[in-house]
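J.: Which chain is which? The protein sequence lines are A and B, in order. To convert, note that position 401 of the first sequence is 401 in the numbering used here; the numbers rise steadily by one, no gaps. Counting the second sequence from 1 gives a position; the numbering used here is that position plus 581.
Treat the hints as calculated values from the structure; they're not laboratory data. The reader is advised that the hints may include incorrect statements.
What the hints assert, rightly or not - Calculated pairs, DSBU-like style, for lysine-lysine (alpha carbon to alpha carbon, straight line, at most 30 Å):
{"no.": "1", "chain 1": "A", "residue 1": "Lys534", "chain 2": "B", "residue 2": "Lys749"}
{"no.": "2", "chain 1": "B", "residue 1": "Lys783", "chain 2": "A", "residue 2": "Lys144"}
{"no.": "3", "chain 1": "A", "residue 1": "Lys168", "chain 2": "B", "residue 2": "Lys781"}
{"no.": "4", "chain 1": "A", "residue 1": "Lys43", "chain 2": "A", "residue 2": "Lys508"}
{"no.": "5", "chain 1": "A", "residue 1": "Lys147", "chain 2": "B", "residue 2": "Lys783"}
{"no.": "6", "chain 1": "B", "residue 1": "Lys702", "chain 2": "A", "residue 2": "Lys508"}
{"no.": "7", "chain 1": "A", "residue 1": "Lys144", "chain 2": "B", "residue 2": "Lys713"}
{"no.": "8", "chain 1": "B", "residue 1": "Lys781", "chain 2": "A", "residue 2": "Lys190"}
{"no.": "9", "chain 1": "A", "residue 1": "Lys147", "chain 2": "B", "residue 2": "Lys781"}
{"no.": "10", "chain 1": "B", "residue 1": "Lys702", "chain 2": "A", "residue 2": "Lys173"}
{"no.": "11", "chain 1": "A", "residue 1": "Lys144", "chain 2": "B", "residue 2": "Lys749"}
{"no.": "12", "chain 1": "A", "residue 1": "Lys159", "chain 2": "B", "residue 2": "Lys783"}
{"no.": "13", "chain 1": "A", "residue 1": "Lys173", "chain 2": "B", "residue 2": "Lys781"}
{"no.": "14", "chain 1": "A", "residue 1": "Lys173", "chain 2": "B", "residue 2": "Lys713"}
{"no.": "15", "chain 1": "A", "residue 1": "Lys159", "chain 2": "B", "residue 2": "Lys713"}
{"no.": "16", "chain 1": "A", "residue 1": "Lys168", "chain 2": "B", "residue 2": "Lys783"}
{"no.": "17", "chain 1": "A", "residue 1": "Lys147", "chain 2": "B", "residue 2": "Lys713"}
{"no.": "18", "chain 1": "A", "residue 1": "Lys156", "chain 2": "B", "residue 2": "Lys713"}
{"no.": "19", "chain 1": "B", "residue 1": "Lys783", "chain 2": "B", "residue 2": "Lys744"}
{"no.": "20", "chain 1": "B", "residue 1": "Lys702", "chain 2": "B", "residue 2": "Lys601"}
{"no.": "21", "chain 1": "B", "residue 1": "Lys702", "chain 2": "A", "residue 2": "Lys159"}
{"no.": "22", "chain 1": "B", "residue 1": "Lys713", "chain 2": "A", "residue 2": "Lys168"}
{"no.": "23", "chain 1": "A", "residue 1": "Lys190", "chain 2": "B", "residue 2": "Lys749"}
{"no.": "24", "chain 1": "B", "residue 1": "Lys744", "chain 2": "A", "residue 2": "Lys156"}
{"no.": "25", "chain 1": "A", "residue 1": "Lys173", "chain 2": "B", "residue 2": "Lys783"}
{"no.": "26", "chain 1": "B", "residue 1": "Lys702", "chain 2": "A", "residue 2": "Lys147"}
{"no.": "27", "chain 1": "B", "residue 1": "Lys783", "chain 2": "A", "residue 2": "Lys190"}
To be verified - Pair ranges (Cβ atoms, derived):
{"no.": "28", "chain 1": "A", "residue 1": "Pro63", "chain 2": "B", "residue 2": "Ala791", "range": "16 to 26 Å"}
{"no.": "29", "chain 1": "B", "residue 1": "Ser618", "chain 2": "A", "residue 2": "Gly124", "range": "56 to 66 Å"}
{"no.": "30", "chain 1": "A", "residue 1": "Pro63", "chain 2": "B", "residue 2": "Arg645", "range": "54 to 64 Å"}
Remember, predicted model here, so these are calculated numbers, not experimental data. Ideal placement from N, C-alpha and C gives every residue a C-beta, glycine not left out.
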Amino acid sequence: MDSTKNTDVLDLANLYKDSVKADDRPGFSGFIIAKEKLFDIAKDLRDKYGYDYLSCVSGVDYPETNSMEVVYHAYRSSGGSALVFKTQVERVDPMEVPSLISIWPGVDLQEREIWDLFGIKFAGHPDLRRILMWEGFEGHPMRKDWKEAFYEEEAKPLKSRWPDGNHKYAEAKAAYGDNINFEAGFDPEKWTPTDPEEALYSALKKYQTEDVDGIKTDHLLINMGPQHPSTHGVFRAVVILDGEEIVSLKPVMGYLHRNHEKIGERNTFLQNIPFTDRLDYFNSMYSAWGYSLAVERLLGLAVPERAEYIRVIFGEMSRIQNHLILFGMLWNDLGAYFTPALYAFEERELMLDIFEAVSGSRMMCNYHRFGGVVRDIDPASMQKIKELVYERLPRKIEEFDRLLSENEIFVSRMKGIGYLSPEDCLAYSVSGPTLRAAGIPYDIRRAEPYGVYDRFEFDIPLRYNSDLLDRYLVRIDEIKQSVRILQQALRDIPEGPVLTGKPSYQIKVPAGETYGRVEAPKGELGYYVVSNGKGNPYRYKIRTPSFVNVTSVEKMCVGTKIADFVTILGMVDIVLGEVDR
Amino acid sequence: MSINELNLPDFNIPDDMEGKVTVTTLDRLYNFGRRSSLWPMMFGLACCAIEMIAAQAARYDMARFGMEVMRPSPRQCDVMIVAGTVTKKMVPSIVRLYNQMAEPKYVVAMGACASSGGPFKEGYNVVAGIDKYLPVDVYIPGCPPTPQALMAGMIKLQEKIDKQSISKVRWYQKGPDSVEIAVPFLGPDLIDPRRIPDIKAKSAELAVAAVAPAAESSTEG
Ligand code: SF4
Chain A
1 MDSTKNTDVL DLANLYKDSV KADDRPGFSG FIIAKEKLFD IAKDLRDKYG YDYLSCVSGV
61 DYPETNSMEV VYHAYRSSGG SALVFKTQVE RVDPMEVPSL ISIWPGVDLQ EREIWDLFGI
121 KFAGHPDLRR ILMWEGFEGH PMRKDWKEAF YEEEAKPLKS RWPDGNHKYA EAKAAYGDNI
181 NFEAGFDPEK WTPTDPEEAL YSALKKYQTE DVDGIKTDHL LINMGPQHPS THGVFRAVVI
241 LDGEEIVSLK PVMGYLHRNH EKIGERNTFL QNIPFTDRLD YFNSMYSAWG YSLAVERLLG
301 LAVPERAEYI RVIFGEMSRI QNHLILFGML WNDLGAYFTP ALYAFEEREL MLDIFEAVSG
361 SRMMCNYHRF GGVVRDIDPA SMQKIKELVY ERLPRKIEEF DRLLSENEIF VSRMKGIGYL
421 SPEDCLAYSV SGPTLRAAGI PYDIRRAEPY GVYDRFEFDI PLRYNSDLLD RYLVRIDEIK
481 QSVRILQQAL RDIPEGPVLT GKPSYQIKVP AGETYGRVEA PKGELGYYVV SNGKGNPYRY
541 KIRTPSFVNV TSVEKMCVGT KIADFVTILG MVDIVLGEVD R
Chain B
582 MSINELNLPD FNIPDDMEGK VTVTTLDRLY NFGRRSSLWP MMFGLACCAI EMIAAQAARY
642 DMARFGMEVM RPSPRQCDVM IVAGTVTKKM VPSIVRLYNQ MAEPKYVVAM GACASSGGPF
702 KEGYNVVAGI DKYLPVDVYI PGCPPTPQAL MAGMIKLQEK IDKQSISKVR WYQKGPDSVE
762 IAVPFLGPDL IDPRRIPDIK AKSAELAVAA VAPAAESSTE G
C-alpha cells in the first residue's frame, strides 16, 4: 500500500509505546490505538502533528477475532498521505469507543452511521441517533452475522443462479414472501408503535421558547422534505425558525439508503463497478475511479498510459457537466425556473452522447475496469470530444458566465450568505469546491496525485470569502481548468492498449486494506476496501463527499433566512445517491 | 389527436355546416382533454429522476405531449412517475402522496428499481417494486430508461386513457371517488397494515418451529 512507503507518515507506535502498536496483519497498515487512549492521542494528532483533516471513519466487523474495529483516515491540509489509525473493541454488546466529535466535528454523521449500521456506541456523542435506518429498526445491518430477508449466500455468484440458472423469485424463498423479516413470535397487533421521529424531535425540544413579557411567542418547526422540490432528491431537513430565521437545523436522511455496502460485500469485486455508477449518478465516469484505484492498489496492477488519459478525459468532462447541472439547478432554486437548466442540459446531452458511444449507456457508464477501461474511444467520438473541448465548451462557458454571474438578483442572493470559516471547513471535514472557496488549496489531484494528474498544468481555483457566491465562482473557474486539462490530455494521449491483462469477471484480490480516494466533482470520494483474499470484498466502505459535506450544513444555515437554506443546500452540491448510499 | 381523429367520420355533416361543426362522442372529447395534459408530479427518488429531467429538457421536450407541467403538489397532478428506488423509509411518504392525489390518477413505474427493486432488490432497506403498494399502470424497463423510453411509456399511458369511458371510470361511480391505500409504517421492519394477520400467523409459525427442535433435543437429553 502506498502510505507504507511514505516517509512523511508519523510513527505513532514509537511515540506512544505503551498504547499504540503498528498494525502488522499482512496487507494492513497504520496503527492500532488502545481505545482508552484514543481521544488523547487524536487530540495530539490534530494539535501537535498537524493532522487537521479527518476524512473518513469506517467500521469493520471481524467476528472471527471477536472484535469490531473503527478505522480513521486523517490528513494534513497541507497535503500528503493518510495517517491511518484504528481502535478495536471486543465484539460484545454494548460496544463503546470514545467519540472524536469534539476534536473533529466532521465525524458527527459518520459516527452516527457506524452506530446505526454496526451498533458501536460513541461515548460523548451528543446526538447519537440512527441515521440511515429509522429509530426502532431491529438490528445493525452491516454486522457480518445480520442477514437480510432475501439472503441466500455469503457471496456471489449465487449457486441458485449460476452456472445452472434455475432461478426462483427471491420472494418465493423469503420467509414472509417479501423483503421483510421479523423476530419469531412477533405480533404486530400487540406491538406498541413507537414513533421513529420521537428521538429527532426531542433532540430539537431545547429550542422551545418561553413566554416573555406576557407575549406568547414560539419557534416554528418546519419539515422540508423528503418530498420537496428543492431538496434535490429525497433529502429532509427539520428546521426550527424564529420568524424567518433559522435557529437550528437537523438533516434527516436515509430515504434513499439502498444498502450499497451490504450488497457490495456480497458482490464480487467486479460486480461493484456498476454499483459505483449509481452512487453519484451524475458522475458515473468519476465514481468508479476511486474504487478501481483502491482495488488496483491491492492487486498491484498498473494501468496502461492510454487508459489513464482516457480516465482523465472522461473524468474532467464529467466534472464540467456536474458543475453545469449544479448551476442550472441553483437557478431553479433561486426562482429562474428551468431556463438556465435548459442551457446546462444542452451541454450535458452532448457529453452524454459521447459517453453513450464509448460505454453503451448515457448515465450508468460502467466504464472502468481494474487495470484500465473497458473500451477504447472510437475515432468518431474522439473527434466529437475534440470539437467540444476546443470549440464549443470554452465559448459556452463564457456565455454562461457572462449571462449569469453578474446578475444583480443572483449576486445579492449569494453574496455573504452561508459563510463557513476556513477553520470550520477543515473541522467539519468539508471537501471539494466548498473547501477551496474558503481559501484552502486542497485538491486531491494535487495533494495526493493519482492517475496522470501530475503531468498536467492546471491551477487550483481559490476564493477567499467562503460564501455562496465564491462557491459558485470557484466552480466556474474549475470548469475552465478542466477544459485546460482536457486540452492537454487530448494533445498528449498516447496510442496503446487500454486494459492490462485479459478481462476477467472473477478476480481474487490479495488480502489487505486500502483507501482509494479521488477528487470527484463534489469533493473527496474515497473507498475503504478490505480484502481477505477471496473473490468478494470483505469490507466495502464508501466515503462520499455529499454525505460528509452535509455535516456542515447546520453550521452554515443557522442565522440565515429559511429561503437561503435552499440555496445553501444547493451549493453544497449533494446527490442523494451518495448521501444515503 | 388530430381534429379528424376526434371526429366520427361516419356521421354526415350537412355541406353548409362543413368546417364549423364537428361531431364526436363525449368519451373522446373527455379523454382527448385528459391525455393531452398529463401533469406529472415533480417527484424524483433516485437516478431515474435525472433522466426524467432530461426528458423534460429541450432535446427531448416532453412538452410536445402536454406533459411538461411538473407539479410539486400531489393535489395538482395526474400521474405519479415513480422514478427511482423505493426504500422502506420512503414508502410511507409515497403512499401518502398517492392518497393525496385527486382522481383520475395514474402511476408509472420508471426503471428497474420502481418496477421490481432492480439492482438493489436484495437490499435490506429496499422495497422490491412500488406495485407492492400502488396500482401501477405502466412499467418502463431500463436502468435508467432513456428519455425516449420514458416517452414511450407515457404514450402507452395515453393509449390507456383513450380506452377509458366516462360512464365506467371508477371516480364517477357511486361511493367514495378515491380508494385510500393503507399507509405502511415502520416497526422493527416495514409493516404493511393489509398484511398484519399474515405476518402474525407466519411469525407465530416460526416461533413454534424455533421452539420445536429445542424441545426435541431437550426431551432426547
Ligand atoms: S432503475 Fe437504475 S437508474 Fe433507475 S433508480 Fe434504479 S438503479 Fe437508478
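J.: Can you name, in rising order, the numbers of the hints this structure does not satisfy?
T.: 1, 4, 11, 19, 20, 23, 24
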